[in-house]
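Engineer: These protein sequence lines are chains A and B, in that order. Whatever position you read off the first sequence (first residue = 1), add 81 for the numbering used here. Whatever position you read off the second sequence (first residue = 1), add 139 for the numbering used here.
A portion of the hints provided could be inaccurate.
[Said to hold, decoys possible] Within a straight-line C-alpha distance of at most 27 Å, the following computed DSS-like cross-link-like pairs (lysine-lysine) qualify:
| hint | chain 1 | residue 1 | chain 2 | residue 2 |
| --- | --- | --- | --- | --- |
| 1 | B | Lys173 | A | Lys196 |
| 2 | A | Lys252 | A | Lys307 |
| 3 | A | Lys108 | A | Lys85 |
| 4 | B | Lys173 | B | Lys252 |
| 5 | B | Lys173 | A | Lys108 |
| 6 | A | Lys325 | A | Lys307 |
[Said to hold, decoys possible] Just so you have them, the derived chain B footprint on chain A, three or more residues with Cβ under 8 Å:
| hint | stretch |
| --- | --- |
| 7 | 255-267 |
| 8 | 285-291 |
Simulated from the structure, these hints should not be mistaken for laboratory data. For every residue, glycine included, the Cβ atom is placed at its ideal position computed from N, Cα and C.
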Amino acid sequence: MSTKAYNILLVEDNAVDARVITEALTKAGEGAFVIQRAERLSEGLEKLRTQTIDLVLLDFMLPDSEGMATFTAVRKEAPNVPVVALTGVSDEAVAIEAVRQGAQDFLVKGQVQPKTLHRTLHYAIERHKVQAAQLKQVQGAKAGKTIGVIGARGGVGTTTVALNVAAALAKKHKEVIAAELLGSYSAFYDPFFYKKSRAALSGLNTLMKLEPDKITSREVERCLVKLPSGLSLLLGPQRAEDFKELGSDMVDALTRALAGLGQYVILDLQSHASAACQAAVKHCDFVVVVIDRTPTCVVAGKVMTDLLQQLGVIPVRIGVVVVNRQPLPISVDVAEVLSTMGCQLVGVVPTATDACSEANRMGMPMVSSDPQGTASGALIEIAERLATEQVLGK
Amino acid sequence: METPDRLGQEKPAVDAAAIERLREIGDGDVAFLKDVFSAFESDTAQRLVAMRETLAAGDFTGLKRAAHTIKGSSLNVGASNLTAVSLQLEQLAGSGKLEGAAELICRIEEEFKRVAVELHNITQG
Numbered sequence: 082m083s084t085k086a087y088n089i090l091l092v093e094d095n096a097v098d099a100r101v102i103t104e105a106l107t108k109a110g111e112g113a114f115v116i117q118r119a120e121r122l123s124e125g126l127e128k129l130r131t132q133t134i135d136l137v138l139l140d141f142m143l144p145d146s147e148g149m150a151t152f153t154a155v156r157k158e159a160p161n162v163p164v165v166a167l168t169g170v171s172d173e174a175v176a177i178e179a180v181r182q183g184a185q186d187f188l189v190k191g192q193v194q195p196k197t198l199h200r201t202l203h204y205a206i207e208r209h210k211v212q213a214a215q216l217k218q219v220q221g222a223k224a225g226k227t228i229g230v231i232g233a234r235g236g237v238g239t240t241t242v243a244l245n246v247a248a249a250l251a252k253k254h255k256e257v258i259a260a261e262l263l264g265s266y267s268a269f270y271d272p273f274f275y276k277k278s279r280a281a282l283s284g285l286n287t288l289m290k291l292e293p294d295k296i297t298s299r300e301v302e303r304c305l306v307k308l309p310s311g312l313s314l315l316l317g318p319q320r321a322e323d324f325k326e327l328g329s330d331m332v333d334a335l336t337r338a339l340a341g342l343g344q345y346v347i348l349d350l351q352s353h354a355s356a357a358c359q360a361a362v363k364h365c366d367f368v369v370v371v372i373d374r375t376p377t378c379v380v381a382g383k384v385m386t387d388l389l390q391q392l393g394v395i396p397v398r399i400g401v402v403v404v405n406r407q408p409l410p411i412s413v414d415v416a417e418v419l420s421t422m423g424c425q426l427v428g429v430v431p432t433a434t435d436a437c438s439e440a441n442r443m444g445m446p447m448v449s450s451d452p453q454g455t456a457s458g459a460l461i462e463i464a465e466r467l468a469t470e471q472v473l474g475k
Numbered sequence: 140m141e142t143p144d145r146l147g148q149e150k151p152a153v154d155a156a157a158i159e160r161l162r163e164i165g166d167g168d169v170a171f172l173k174d175v176f177s178a179f180e181s182d183t184a185q186r187l188v189a190m191r192e193t194l195a196a197g198d199f200t201g202l203k204r205a206a207h208t209i210k211g212s213s214l215n216v217g218a219s220n221l222t223a224v225s226l227q228l229e230q231l232a233g234s235g236k237l238e239g240a241a242e243l244i245c246r247i248e249e250e251f252k253r254v255a256v257e258l259h260n261i262t263q264g
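Okay, chain A solo, but in the shape it has when bound (with noise of 0.2 Å):
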C-alpha cells in the first residue's frame, strides 16, 4: 500500500452518514486517507475542478441531484477519478446500473464496516490506476487476453455465461475463443451441435494426444471448430473413450498456444480446484466468479475468490457475474454478495429461462438467438466490461 494519503472527496448531504464514513476512515485509516466534504453536488464538482482528487464517494441523492444524474455530472466533470458509490439499503438498483456505467463499487450507507470500507477504497484506486496506464498501451496490443470463467459450484450458469461472453464479443472483435478446458464430457458441444450431428468433433481429444511441448498454436488452431459467427471453440472429448485428465502442463501449453491464436480467449473452467483449473487461472488477465443468489453459493464464492487470491490471481484481477436463477427460496443482495466476496461486480444476468430454451432449441447462444432480450443485453454489458477489464496486463 502507498505511503502517500488519497485525497477522498464525500459528496454526502447527510450529516450522520458523513460523520460515520469520516471517522471510520481517519480513525482506523492511519492516515491513509485525507477526507474533504461536499454536501451538494455543485459543491462536489467545483471541489473536482480546483483540486486534485484521488477518488469521488458519492452518495446520488443530493439536494440538488438526484439518482443516475448524479453519477453522470461527476463523471463528465472528472472522467479519470474513480468513483465509488454510496447508496440507501433500499436503492440498490441505481448504484447496480453505476457500477455498470463505469463506477468502481457501491458501499451500502448504515452498514459498512471499516475494514470493508477500506478495503474498497484502495481497491478502486488501485484498480482505476492499473486500468488507466494499460489503457493508454491498449490500442496496437497484439497478444491476445485470456478471460476465466470458473462457477461457484456446478449448475450455476457457468458454461452459459462464458459461451454468451463470447459470441458477444465476436460480433465485435476478429478472433475470439471460447475453450473449454477439462477432460471429461464437452459443454459447449450440445449447445450447438447436439440436433445437428453426434459425429465427435475434433478437439481437445485430440490435442491431448500430444505431449505438451508439441502444443503450438498451429497444431491447436486446427483443432478449433469456427462457426459461422466467427466465434471458434476449442471443443472438450464427446466420447468415454477420449476422456483424460487435463494436467497442469497441458494447460500451460494450451492457454499460452490460445492467447497467440485469439484477440480474446474465453476459458470455462471446471468449478473444482482441478489441476487444470489451478493451472490456467494463472494464465488469466481477468477470472470471472460466477454465483448464483443463494447463501450457499455467495459462500461457495467467497471461497472460490480465497482460492483464486492463493493461486496468486490479484484481487483486481477478479469480479463476480451472479445469475439471477428461477425464484429461490432464499435470495442474497447483491451488496452482500460484494462485501461477502470482496471482489467487485461485473453483472447481473436476470433471469431468463424462455430464451435459455430458445436458445437451446435454435443451436446458438442468447446473444444471437435473443439479442434484444434482457438477458442478453446483460451478457453483452458483461462482455463489454471485460473487454475493457481485461486491458489489464499479465
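Got chain A sorted already, so can you dock chain B onto it with the hints?
Structural biologist: What follows is chain B alone, placed relative to chain A:
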C-alpha cells in the same frame, strides 16, 4: 391498540449490533458516539419539522427527501423501526401520494422519541 406495529415496538428501538459497529468505528471513543447521536437527533428533529411543512404544502419531493434522510440517519444508529417507517413514507411520497402520510409522520415522531431516550441511556450508561 394491539396492532402489528405495537408488537414491533416491543423490541428495543435501537439495535445493539449497530451501536457495537459505531463503537468499533470510533475505537471506543465515547465522544464520537455522542457526536453521532447528537447529529442524528438535531438532524432528525429538523427533518420532522420539514416533513410537517412539506406535507402541508403538498410537496412530495420535499417530503420524500426528508424521509430519505431520516431513513439513512436512523440506519446508522440502528433504529430499525424508524428506518422502516421512514422508508414507507419515502416510498409513499415517491409514488406521489399523501394519504396516510400524516399518520406515518406521527409514527416517526413517536419512534424518534423512543430512540432518543435509548441513545441517551447508552451514552449515560
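Engineer: Lys325 (chain A) and Lys307 (chain A): Cα distance at most 27 Å?
Structural biologist: holds, 24 Å
Engineer: Next pair to validate is Lys108 (chain A) with Lys85 (chain A); report whether the Cα-Cα distance is within 27 Å.
Structural biologist: Holds, at about 16 Å.
Engineer: Taking beta carbons only, do three or more residues of the stretch 255-267 of chain A come closer than 8 Å to chain B?
Structural biologist: violated (count 0)
Engineer: Please work out if Lys173 (chain B) and Lys196 (chain A) have their alpha carbons no farther apart than 27 Å.
Structural biologist: holds, 22 Å
Engineer: Hinted pair, alpha-carbon criterion (27 Å max): Lys173 (chain B), Lys252 (chain B). Please report holds or violated.
Structural biologist: holds, 17 Å
Engineer: If you draw a straight line from the CA of Lys252 (chain A) to the CA of Lys307 (chain A), is it 27 Å or shorter?
Structural biologist: Since the Cα atoms of Lys252 (chain A) and Lys307 (chain A) sit roughly 14 Å apart, the hinted pair holds (cutoff 27 Å).
Engineer: Please verify the coverage claim for the stretch 285-291 of chain A: does it have three or more residues whose C-beta sits within 8 Å of some C-beta in chain B?
Structural biologist: violated (count 0)
Engineer: Do the alpha carbons of Lys173 (chain B) and Lys108 (chain A) lie within 27 Å of each other, as the hint requires?
Structural biologist: Holds: Lys173 (chain B) and Lys108 (chain A) sit about 16 Å apart, inside 27 Å.
Comparing the model with each earlier hint shows violations of hints 7 and 8; every other hint is respected.
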